[in-house]
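K.L.:
If you want the building blocks of each chain, they are given just below.
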Amino acid sequence: MSGAEKIQVKVTEITPLNELVTRFRFERIDGGHLPTFSGGAHTVVEMQDGGITRLNPYSLMSSPFDQSSYTISVRRDDQGRGGSLFMHQQVKLGDEMTISYPVNLFSLDLRARKHLFLAGGIGITPFLAQIKQLELLHGHWELHYACRNEGLASYADQLTDRHPNETHLYYDDQDQVIDLKNLLRGQPLGTHVYVCGPKGMIDWVRNTASADGWPEDCVHYEEFLAPQPGKPFEVRLAKSDKVIHVGENESLLEAIEREGVDAPYLCRGGACGQCETVVLDHDGNFVHRDHWLTDEEKAAGKKIMPCVSRFEGKALVLDR
Amino acid sequence: MTIQFNDESFRDDYTFHNSDWAIKRFPFPFHEDSYMYSVNMEQHKGGPEGSVYEMRFDVDEHYVSEMKDRALVLDQDPLRCQSLPHMTLAGWDLLELIMVSKSEDYPDLFELHRNGNQWRWINKPMGIDHSFTFMDETTLPYGPMEYITRQAQGDFVVLDQRDEMLWMDAGMVTTQADWSLDFDIGMNFFEWHAPVPKAHEMGIFKRALKFLLNIQQGAPARRLNWTMTVNPLLDTSPENYHQWGIQKTTLTPENIGHKQHLRVELQTFFRLPRSNALVFPIRCYLCSFQDLMTAPKWGRRLHRVIRDLPDELATYKGFIDNRPMMLDYLSQFDDGLPTSAGVWPDLETEPPLAK
Ligand code: HEM
Ligand code: FES
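So the protein lines, in turn, are chains P and W. Once you know that position 49 of the first sequence is 49 in my numbering, the rest is easy, because the numbers rise by one and skip nothing. Just add 320 to the spot in the second sequence (first one is 1) and you have my numbering.
Any given hint could be a false lead.
What the hints assert, rightly or not - Pair ranges (Cβ atoms, derived):
#, chain 1, residue 1, chain 2, residue 2, range
1, W, D449, P, D179, 54 to 60 Å
2, P, Q48, W, L657, 29 to 35 Å
3, W, P398, P, D30, 40 to 46 Å
4, W, D449, P, S68, 44 to 50 Å
5, P, K199, W, W341, 55 to 61 Å
6, W, E352, P, E27, 45 to 51 Å
None of these hints come from the bench; they were simulated from the model. Glycine residues also receive a C-beta, built at the ideal position from the N, C-alpha and C atoms.
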């Protein structure tokens, strides 16, 4: 079996927050305790969407020490392949669903004297759990949260209410921008920086920190990668001796699974490295979208991460 | 089953002994007639009834005496237990994991009663009945990791996971096969494995690390490792090499059967929930050559493995000088018959020694 251990849950609360974001609460079907977790962890939610099984990762935002329920917030992506649309349109109160055990690819560095959180849009969710964890452990933190506008600033009210001194908000439509350079310069020794948001923001923070001499291991990031739709293509799976078709709205990994071939995975978001697959032969271009392979590996064309990456061209043969 | 705990020593007069039950369930590490390093990892999800793999943390007849030996070592050398400041949360995770596992797996020996953060822990074999506040260090006599590992067999290393790497940032290490926590503390996976021969070139550590980084909550893993120890010593540390190293020279053809022990480590790996750290329990099992020879299959196989082991491994494991004497002894138990696959003794089906 691939992926983390599974938990059967039911949906016990659905709360629309604004025009794009809805929060879901899960409790165990058998009434038992859910595992504790560490702030920054995600769960992979299984969705039976017509003929397709979708498995999408979402950050857990509830308190890591609260074993009665988990909550996630899902941002509707109208251009996406449908996972978030499924959550918004199909999931009803009381539905039974399968989620994975928590997996953390964005954990706090517990050595840090101070944690500086930089969130963009829905990237706020892992920080909500990390903040709850640090509050319990009496950690030192500060949050800078940028959103398109006030209406879309999920959880901003609650954060400013509870943590008025730690929370700083920025709205694009009011031309407010994080003064990153000065913010980074003003940090005490032993500070770790965490950024979660759109790719542009992550690159901006990493590059600015690096130019300012921050060691790489003090800058942590998590980008929300969902598989993107793309042109259909064919793949030959050499070991299983199958030729499969990858549709426009499914990922390569999903197509492999649909054909009954067991393939390893964990995050399904291009970050963990579990799904790494050897390319035996190809004639065409890769659309690498993961954070796992190095630029050299991507250029070499010998490996692909099927959870998020695609292919355009005549032929692709995988060692699977 | 209730366990009869032995009253025995792992030093001085060496009264350590295995019952027939303990010999039969000994984790013999060789699944075929030869041995080489490999990424030998599998899920740790139980095993045959009564085997050392069945429970999350195996408790056996040596429990009480091993814990006494640990207390002696810590008295003389407190640095065998260390935890860097950021590892306290992982210590609580470990305390919870062990208390929950043992009370569920051995309800007749251990009880855990939880009411919010008010916990009561009962350890019957050691006569402990202690109420404390979970996550409040002031309510325990030691830090959480030290408290619980003074009550759990085997060494424990707690690894922090940062930047796609594991760091040895805490541990309780008193039954080790010649390595030192005090030396390795703060090192990363490649640094503390530096002395191991061959495995680096074989790419074993790179693959093993990748596997470990991906170990998930609720899905522990395990592997076996082994070495040789003269006399049933738990504490074969570099710190005390001057005491146990010379004992290797006391081996004679007459005493080798009861003095020479195969030392097997059942190593398990658990992801810890709140800290996202990894804990690596290393449980040591000892069995004398003469006790091993009671299983004809093990006798045949051990001879072949030791005979064909590459010199680098025999040197690293510290028995190259004694290997000829071991082979003289073991060859008496090898009649050349084939052996069945797998690690189990297969006492009913394997033929008796034809010699
Ligand atoms: C994170 C968990 C682990 C810890 C803390 C750990 C620790 C150690 C230590 C301290 C040593 C002794 C090195 C010395 O001579 O100073 C050692 C040896 C070794 N380790 Fe690990 N190890 C871990 C995981 C693994 C894994 C997963 C493998 C898988 C292949 C492995 C393979 C080995 C081997 C082959 C040796 C040599 C053992 C011998 O020949 O007796 N280790 N390890
Ligand atoms: S499943 Fe994690 S990188 Fe593909």
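K.L.:
Does each hint fit the structure? Answer for all of them.
P.N.:
Hint check results:
no.	hint	verdict
1	W:D449 / P:D179: 54 to 60 Å	58 Å, holds
2	P:Q48 / W:L657: 29 to 35 Å	56 Å, violated
3	W:P398 / P:D30: 40 to 46 Å	45 Å, holds
4	W:D449 / P:S68: 44 to 50 Å	29 Å, violated
5	P:K199 / W:W341: 55 to 61 Å	60 Å, holds
6	W:E352 / P:E27: 45 to 51 Å	48 Å, holds
Comparing the model with each earlier hint shows violations of hints 2 and 4; every other hint is respected.
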